[in-house]
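S.K.: Sequences listed follow chains A and B, in order.
Take 4 as the starting number for the first sequence in the numbering used here and just add one per residue.
Take 4 as the starting number for the second sequence in the numbering used here and just add one per residue.
In case anyone wonders, no lab produced these hints; they're calculated from the structure.
Treat the hints with caution; some may be incorrect.
Which copy is meant is left open, because identical chains are indistinguishable; a pair holds if it fits in one copy or across any two.
Claimed, not checked - Straight-line distance between alpha carbons at most 20 Å, and here's what the computed PhoX-like set of lysine-lysine pairs gives:
id, residue 1, residue 2
1, K136, K49
2, K128, K193
3, K118, K194
4, K43, K193
5, K128, K194
6, K121, K193
7, K7, K194
8, K70, K145
9, K118, K137
10, K70, K37
11, K136, K194
Each chain is listed here by its residues.
Number of protein chains: 2
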Amino acid sequence: MQNKLFGFISKYISITEEEKNVLLSLNLFQSVKKGTILLKEGQHSKESYFVLKGCIRTYYIIDGEEKTTAFYTEMDVLTPHCVINQTPSDYFISCVEESILTITNTDMEAEVNSKFPKFEIMCRKLSEELLAKKQIDFDGFKTSSPEERYLNLLENRPDLIQRVPQHQLASYLGIKPQSLSRLRARILEKKS
Amino acid sequence: MQNKLFGFISKYISITEEEKNVLLSLNLFQSVKKGTILLKEGQHSKESYFVLKGCIRTYYIIDGEEKTTAFYTEMDVLTPHCVINQTPSDYFISCVEESILTITNTDMEAEVNSKFPKFEIMCRKLSEELLAKKQIDFDGFKTSSPEERYLNLLENRPDLIQRVPQHQLASYLGIKPQSLSRLRARILEKKS
């Protein structure tokens, strides 16, 4: 797991043995059981998550109903917006699978960044990249039909279709579970 | 306009007279006519935009039809994802109104950041904030009905409703222009 983390970091900056040791001393790795709720609506948090293994999801509860907005799997990073804006969270985060996460908090990040300014550069590059990714995802969602969204998912994140419950997947695609079933049947029919 | 820019920067970092002069020497301000296309699909770009006055929009052309995905008005920042990912743009950017923009490019940013490392901190904070904003917007879009999206717009960006053509607004809300007209009529009826 350490090598996965260091591999990820070295995509952005070079990292020395000393820096690696500082990071290791922070005890960043956590195993989290399936179903664990990492953040609840209304809570304050300073924590960001980097998924080394497994899957976590963000969801809202609106009129008693869960609305899944995102899944984060291997090598994905999530800094909830409540952490940036220092406001109570308006959503939940839970583990879809047993997961291994790197959990950092803003105090720790500030300390590491002031000690090793190049981590500031990494954080900037990473945030820019995540912003670009979010822009692409949002535009893709806005400009496509539910069927196109599903086909897009099949192409870009086929593993998700196997890994997450269908009602969560439907919600993530912005459709009802029955519509997802019909849509899948239609696509299978076209293929056959 | 200079004061607007420096006011914006000083939300993130303190800025000295020397640094202000360096920024001013870069000739960042540009007046852009209504209708000007700043970026075309397929083009490469290194440019980011900060709107001091006016409004720019991003849109895709899909099957010959324009799909508007975002509007950027006063104090909004746009770094197109093609700039971050160094890929050809998959959308267009045009000026909805006569605008005054600060246009920077990645080479210039790298130079300023290496000269004044605190600008790196500003870029990091700004990217994080934009990412949080994009998360909120995307989640809001995904979890609400077209009517809720319109009411949300009325509450948070009422100026947009006056400033941009209705067909662009409809597309931005992910609905057909006729649906937007019906929706507005329904809301007005409820209020009266």
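S.K.: Could you figure out if K7 and K194 sit no more than 20 Å apart (CA to CA) within one copy, between two copies, both or neither?
M.R.: neither (38 Å within a copy, 56 Å between copies)
S.K.: Since the copies are identical, ignore which copy is meant and state whether K128 and K193 lie within 20 Å (CA to CA) inside a copy, between copies, both or neither.
M.R.: neither (42 Å within a copy, 47 Å between copies)
S.K.: Should K118 paired with K194 be assigned to within, between, both, or neither, using CA atoms and 20 Å as the limit?
M.R.: Classified as neither; 56 Å inside a copy, 57 Å across copies.
S.K.: Which holds for K121 with K193 at a C-alpha limit of 20 Å: within a copy, between copies, both or neither?
M.R.: neither (51 Å within a copy, 56 Å between copies)
S.K.: With 20 Å as the alpha-carbon cut-off, assign the pair K136 and K194 to within, between, both or neither.
M.R.: For K136 and K194, neither the intra-copy (30 Å) nor the inter-copy (39 Å) Cα distance is at most 20 Å.
S.K.: Given a CA cutoff of 20 Å, do K128 and K194 count as a within-copy pair, a between-copy pair, both, or neither?
M.R.: neither (41 Å within a copy, 47 Å between copies)
S.K.: I want to check one pair: K70 and K37. Are their C-alpha atoms no more than 20 Å apart within a copy, between two copies, both, or neither?
M.R.: Cα proximity of K70 and K37: one copy only (19 Å, versus 39 Å across).
S.K.: When Cα atoms must be at most 20 Å apart, do K70 and K145 count as within-copy, between-copy, both, or neither?
M.R.: both (17 Å within a copy, 9 Å between copies)
S.K.: Give the relationship of K136 and K49 under a CA distance limit of 20 Å: within one copy only, between copies only, both, or neither.
M.R.: Intra 22 Å, inter 17 Å, cutoff 20 Å: inter-copy only.
S.K.: 20 Å Cα cut-off: does K118 pair with K137 within a copy, between copies, both or neither?
M.R.: Neither, since 30 Å and 30 Å both go past 20 Å.
S.K.: Give the relationship of K43 and K193 under a CA distance limit of 20 Å: within one copy only, between copies only, both, or neither.
M.R.: For K43 and K193, the Cα distance exceeds 20 Å both inside one copy (42 Å) and across copies (35 Å).
In this structure, the earlier hints numbered 2, 3, 4, 5, 6, 7, 9, 11 are contradicted, and the remaining ones agree with it.
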